[in-house]
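Asker: This is what each chain is made of:
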Amino acid sequence: MISKGLRWLRGGRSVSQRFPEGLAPWRVVGASITGSSHQRFGEPCQDAAGWALGPERSLIVAVADGAGSAKLGGEGARLAISTAIDHLTGRRSLGSGESHEKDLIAALERARSALASEAEDRGVDIRELATTLILLQATHDSVTALQVGDGSAVIEDNQNGITGLTKPQVGEYVNETIFITAEDAMDRVETTTHLGAPSGGAVFSDGLQLLALKMPEATPHPPFFEPLLRFVSTATDAQTTGEELRSFLASPRVTSQTTDDLTLVLFSRDDNLAANQDRSG
Amino acid sequence: MAEAPRLEDAVEFAENPEPRCPCVLLLDTSGSMQGAPIEALNRGLKTFKDDLMRDPVAPKRVEVAIVTFDNEITVVQDFITADRFEAPTLECQGMTHMAAGINTALDLVQARKERYNESGVPYYRPWVFMITDGRPQGEMPDFVDLAAQRIQEEEATKRVVFFGVGVEGADIPLLSEIVVRTPMRLRGLNFNELFVWLSRSMHAVSDSKVGEAVALQPPGWTVPD
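Protein sequence lines, in the order shown, are assigned to chains X and B.
Quick note: the first sequence, position 248, residue 248 per our numbering, numbers continuous.
Quick note: the second sequence, position 204, residue 204 per our numbering, numbers continuous.
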């Protein structure tokens, strides 16, 4: 069950779409690649990402990283994303600003129930479907994000430049994190709302953490994001843009730093796109 | 439109210290290891180094320390990244002061974590990999019990992952009372394969994300019980 508007990203493929297309006023480009460590051990990519246009031309982005130690982590990640996005795109309206965080939490709850029934159907422990989840909703005047686990969401606006919306949730050990399948996940979920018109942003899985964030504070490293956000804001063709992002993630400069699965979704807002959108139907 | 620079050239990375993946080899060098066993172990250590160097990230991430136990406890090598590690040639003599060795290994791990924390270096859960061909010898039973208790506590609080490997002649039932995880039994003197497995497991750990357990390749160098 996948909603019509959902753009999928998984297993090392980039999505093919043309700008401007149904997402106006947003340009979105994402890529997900299987880390070399997973390739070596013959494991599939356990990251997943998706995005869709929500009510009132808001943008919904979701990134999930299935647990490497869970047998079905990749499937858990994809199911969490499709369920959460279905829920968020199915709303009639955005409601007031105060409801945005609650809506993301409700989407997380849906995703958790979907994983629980999936585990039951398959007769497996829900931990086999363990995954992290980041949800982001951007509107014309605010951005709300929810996170369980690692990875991060950052945004850019004209006043403050690039700032972090969420931070990776890690334990003592660098590879330890929280999954939405954990019993206490609802107590550990973090939500943030940024008020102000976003010009762009990024959501990414933990594979990029050490390259994109200054640790241990986990603040975004602007020289990492600025070229990427410029790249998406000037993109004209989604397919070549997706391919270029993918080859960046697969380039030796990146893969010599990390061998984990990598997922990066970039977006920018361009109000001129909306006008074109109306023409192209 | 002017050609935009390739992303690869335009994007700059944050400079963060490489996360570290500490591993203590806790090795029995008592008299009974004399001859073929210690020679095989020494060759295995060289294989360990070579195999770690084959990985793109392990040489900078995996930190190796070596503690030997016989009549004495010796820190042959304090933690050092795999790229700077040189395999030592170990010699053997005397009794099997295993419990004291366990304490030294766990102290070393604790001290290392403090160093990491002071310098803001992210790290993985440390491993202690104990290899023995015998049982504690020349130590009071209470002292051995305390060491076993310490392993239990540190495993329960996820401070360390402690593996026990028995070479032929090892008292496996007793070993399984000391370590929490089921001890593994080395097939013959297959140290080479053991260290290749350990190195691969460290590769897996050093770029993994684990929830509960480390997804390891099944060891091919063990004999079933």
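Simulated from the structure, these hints should not be mistaken for lab results.
Glycine is no exception: its CB is placed at the ideal position from the N, C-alpha and C atoms.
Hints are not guaranteed to be accurate.
[Claimed, not checked] Under the rule of at most 27 angstroms between Cα atoms (straight-line distance), these lysine-lysine pairs were calculated in the DSS-like manner:
{"id": "1", "chain 1": "X", "residue 1": "K71", "chain 2": "B", "residue 2": "K158"}
{"id": "2", "chain 1": "B", "residue 1": "K60", "chain 2": "X", "residue 2": "K167"}
{"id": "3", "chain 1": "X", "residue 1": "K167", "chain 2": "B", "residue 2": "K49"}
{"id": "4", "chain 1": "B", "residue 1": "K46", "chain 2": "X", "residue 2": "K214"}
{"id": "5", "chain 1": "X", "residue 1": "K214", "chain 2": "B", "residue 2": "K113"}
{"id": "6", "chain 1": "B", "residue 1": "K46", "chain 2": "X", "residue 2": "K167"}
{"id": "7", "chain 1": "B", "residue 1": "K158", "chain 2": "B", "residue 2": "K113"}
[To be verified] For the chain B half of the interface with chain X, some residues (derived, Cβ under 7 angstroms), not all of them:
{"id": "8", "residue": "E8"}
{"id": "9", "residue": "A10"}
{"id": "10", "residue": "F13"}
{"id": "11", "residue": "A14"}
{"id": "12", "residue": "P59"}
{"id": "13", "residue": "I80"}
{"id": "14", "residue": "R125"}
{"id": "15", "residue": "G188"}
Asker: If a hint holds in the structure, say so; if it doesn't, say that too.
Answerer: Against the structure, the hints come out as follows:
1. K71(X) with K158(B): holds (22 angstroms)
2. K60(B) with K167(X): holds (25 angstroms)
3. K167(X) with K49(B): It is violated: about 36 angstroms lies between the C-alpha atoms, which goes past 27 angstroms.
4. K46(B) with K214(X): Violated - the C-alpha atoms of K214(X) and K46(B) are around 36 angstroms apart, more than 27 angstroms.
5. K214(X) with K113(B): OK: K214(X) and K113(B) at ~21 angstroms, within 27 angstroms.
6. K46(B) with K167(X): At roughly 41 angstroms apart (the allowed maximum being 27 angstroms), K167(X) and K46(B) break the hint.
7. K158(B) with K113(B): holds (13 angstroms)
8. E8: holds (5 angstroms)
9. A10: Since the shortest Cβ distance to chain X is 4 angstroms, the answer is holds.
10. F13: holds (4 angstroms)
11. A14: holds (4 angstroms)
12. P59: violated (11 angstroms)
13. I80: violated (19 angstroms)
14. R125: It holds, given that the least Cβ distance between R125(B) and chain X is near 5 angstroms, below 7 angstroms.
15. G188: This interface hint is violated because 26 angstroms lies over the 7 angstroms limit.
Hint check: violations occur at hints 3, 4, 6, 12, 13 and 15; the rest are consistent with the structure.
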